[in-house]
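Going line by line, the protein sequences match chains A and B. So the first sequence is numbered by my numbering: it starts at 49 and just counts up by one. So the second sequence is numbered by my numbering: it starts at 21 and just counts up by one.
Warning: the hint list may mix true and false statements.
Said to hold, decoys possible - In silico EDC-like cross-links for lysine to aspartate or glutamate, where the CA-CA straight-line distance does not exceed 16 Å:
| id | chain 1 | residue 1 | chain 2 | residue 2 |
| --- | --- | --- | --- | --- |
| 1 | A | K196 | A | D116 |
| 2 | A | K148 | B | E278 |
| 3 | A | K148 | B | D281 |
| 4 | B | K164 | B | E133 |
| 5 | A | K54 | A | D175 |
| 6 | B | K164 | B | E46 |
Hints are computed from structural coordinates only; laboratory data are not their basis.
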Amino acid sequence: MTDIRKAVAGERSDLADLLGALAPDDWAKLTLCAGWRVRELVAHITMPYRISTPAFLAGLIRAGGKFDRYADRQARRDAQELSPAELVECLRQNVDHPWKPPGGGYQGALSHDVIHRLDVTVALGIDRQVPAERMRYILDDMQPRQVKYFGVDLTGIQLQATDLDWTYGTGTPVAGRAQDLLLVLCGRQLPPNRLSGTLAARFTAGVTR
Amino acid sequence: MTFEDIYRQEWGQVVATLIRLTGDWELAEECAQEAFAAALQRWPTHGVPDRPGAWLTTTARNRAVDWLRREAVGAQKLREVAAMSDESEPPYDVPDDRLRLMFTCCHPALAMEARVALTLRTLAGLSTAEIARAFLVPETTMSKRLTRAKQKIQHAGIPYRVPPAHLLPERTPAVLAVLYLLFNEGYSDVVRSNLSGEAIRLARLLVQLMPDEPEPAGLLALMLLHDARRDTRLTPDGVLVTLEDQDRTRWDHAQITEGVDLLDAALRRGAPGPYQVQAAIAACHATARTAADTDWPQIAALYTQLPQTPVVALNRTVAIGMADGPAVGLRLLDDLADGPLAGYHLLPATRADFLRRLGRWSEALTAYQEALTLATTESERRYLDNRLREVSVRA
Numbered sequence: 049m050t051d052i053r054k055a056v057a058g059e060r061s062d063l064a065d066l067l068g069a070l071a072p073d074d075w076a077k078l079t080l081c082a083g084w085r086v087r088e089l090v091a092h093i094t095m096p097y098r099i100s101t102p103a104f105l106a107g108l109i110r111a112g113g114k115f116d117r118y119a120d121r122q123a124r125r126d127a128q129e130l131s132p133a134e135l136v137e138c139l140r141q142n143v144d145h146p147w148k149p150p151g152g153g154y155q156g157a158l159s160h161d162v163i164h165r166l167d168v169t170v171a172l173g174i175d176r177q178v179p180a181e182r183m184r185y186i187l188d189d190m191q192p193r194q195v196k197y198f199g200v201d202l203t204g205i206q207l208q209a210t211d212l213d214w215t216y217g218t219g220t221p222v223a224g225r226a227q228d229l230l231l232v233l234c235g236r237q238l239p240p241n242r243l244s245g246t247l248a249a250r251f252t253a254g255v256t257r
Numbered sequence: 021m022t023f024e025d026i027y028r029q030e031w032g033q034v035v036a037t038l039i040r041l042t043g044d045w046e047l048a049e050e051c052a053q054e055a056f057a058a059a060l061q062r063w064p065t066h067g068v069p070d071r072p073g074a075w076l077t078t079t080a081r082n083r084a085v086d087w088l089r090r091e092a093v094g095a096q097k098l099r100e101v102a103a104m105s106d107e108s109e110p111p112y113d114v115p116d117d118r119l120r121l122m123f124t125c126c127h128p129a130l131a132m133e134a135r136v137a138l139t140l141r142t143l144a145g146l147s148t149a150e151i152a153r154a155f156l157v158p159e160t161t162m163s164k165r166l167t168r169a170k171q172k173i174q175h176a177g178i179p180y181r182v183p184p185a186h187l188l189p190e191r192t193p194a195v196l197a198v199l200y201l202l203f204n205e206g207y208s209d210v211v212r213s214n215l216s217g218e219a220i221r222l223a224r225l226l227v228q229l230m231p232d233e234p235e236p237a238g239l240l241a242l243m244l245l246h247d248a249r250r251d252t253r254l255t256p257d258g259v260l261v262t263l264e265d266q267d268r269t270r271w272d273h274a275q276i277t278e279g280v281d282l283l284d285a286a287l288r289r290g291a292p293g294p295y296q297v298q299a300a301i302a303a304c305h306a307t308a309r310t311a312a313d314t315d316w317p318q319i320a321a322l323y324t325q326l327p328q329t330p331v332v333a334l335n336r337t338v339a340i341g342m343a344d345g346p347a348v349g350l351r352l353l354d355d356l357a358d359g360p361l362a363g364y365h366l367l368p369a370t371r372a373d374f375l376r377r378l379g380r381w382s383e384a385l386t387a388y389q390e391a392l393t394l395a396t397t398e399s400e401r402r403y404l405d406n407r408l409r410e411v412s413v414r415a
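Just need the whole structure built from these sequences, with the hints factored in.
Laid out in structure tokens, this is it:
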């Protein structure tokens, strides 16, 4: 197995352990993904392992080709049908699943898992450091195209990681842990005091999935 | 490669290039024809050149120069065309030539039937007689239709070009319809299977040219998914094999993956049109590990997303019958019996299939007999005949 796939498997195992240890109440708490509780988010992460190609394509067509709309419908439906234990089990069974987001490769799969896991841990106030080598894969792979997808305006701003040798863009510095800056790139609203810089407050709004 | 193969493969390119050079459609076709006639005389003794297409294009161009010289048409045009023949390595197989020809043949000023006929004649090289047969009209009618279409292009000043970007969305459906027809022409006929390859090639070109348009990608995905099953659709001696009985291990799985990925990306552009929906249906079949695994409810639902033509209604009925049982399918078929599908062989063939699944042998026998009298291809007739014998033993 290649290193990147080991990283993906490691991330999924870690997430399964973390979710397995959550209190039942935590599953009903909101995440950084707008409108999704932990239940819907985990249903979303595990969706590619369950869904067949026909069901996926047909669902996408019914949603008018709007992937976000489709993903939301599917996550809500699955979250209703599957218990937290079933969702965790589904994740555990698929740590080696070869799913890749379209055009994203295994780096894309890793980003997907890491970002959504941060959506859970940051929202629940669980302190979690993403292993540096996994962050490296994701940051090295970060393209303007992905940032554009989330619609974040970074004009005149440079993101500066305090725990890794990494910056993004040019301009007034906004500094923080690399994993928090990753969430900024993905349009997530962060809790206060996680970023520094005169423009840090700008990233407290505009959440998308 | 036989001469026939070379003809099918090179005709469109030769004509497209000659139209670009001379601006005269009739002349382009005549010169192309003369070039192929010259090849037929020369190649048996001198051998086939390394690049037959280049040889044919050069020969056709020389004929055009001769003709223009004889007719003493505008000196400017003559210089242009003659200058081309001095090139030692003529620009051959410029993809844009055929794309130009495609968009011009599919111009909205032409009637749909004229567009299809013109594409099959000028791009695919089907003879007027063959096209006439495909459209069930007398050859003289088709010949007039083609002549009128070419005159219209010339007189109405329809430009020989790929339309500017802002016109592409409205001009594309006509091109897609023609390409799909071309694909099916080759798909239903082993002898002309290269037409399918040609359609796929042109569709790839179209996708390259219009990367932001999802329907061309949907059409390409649809073709790839169908084409991946090509080798399993007939027995070695030419009897039709239904989807259910095809050897799925012999499907081209790399091509299926390419088709599904292409469709996935196209759908995410947020405008699922009929080709994307049809490709999704094809993907349902192509990704089912066994016939029994087929997600028929999903397929039935997808058919509701298509414009409800009689054939779509029939296909939806098949899907519902497979999902909910043949008895349900039979009842739905009754509603279609007196409509526009009367006389269409797949109507009694579907009916026969449902009856067979229900074990109603003698009724199935009658339906197979009816289908057999209406079937249009030899491979279908032989398939139906086998089924007929199967049920007649039990009837």
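Structure-based check of all given hints:
1. A distance of roughly 15 Å separates the Cα atoms of K196 (chain A) and D116 (chain A); the hinted pair therefore holds under the 16 Å criterion.
2. Taken as a hint, the K148 (chain A) and E278 (chain B) pair is honoured in the structure, with Cα atoms around 14 Å apart against an allowance of 16 Å.
3. For the hint linking K148 (chain A) to D281 (chain B), the alpha-carbon distance of about 11 Å falls within 16 Å, and the restraint holds.
4. With a C-alpha separation of about 12 Å, the suggested pair K164 (chain B) and E133 (chain B) falls inside the 16 Å cut-off, and the hint holds.
5. Under the criterion of a C-alpha separation no larger than 16 Å, the hint pairing K54 (chain A) with D175 (chain A) is inconsistent with the structure, at around 23 Å.
6. Restraint check for K164 (chain B) and E46 (chain B): the C-alpha separation of about 13 Å stays at or below 16 Å, so the hint holds.
Taken one by one, the earlier hints fail for this structure only at number 5.
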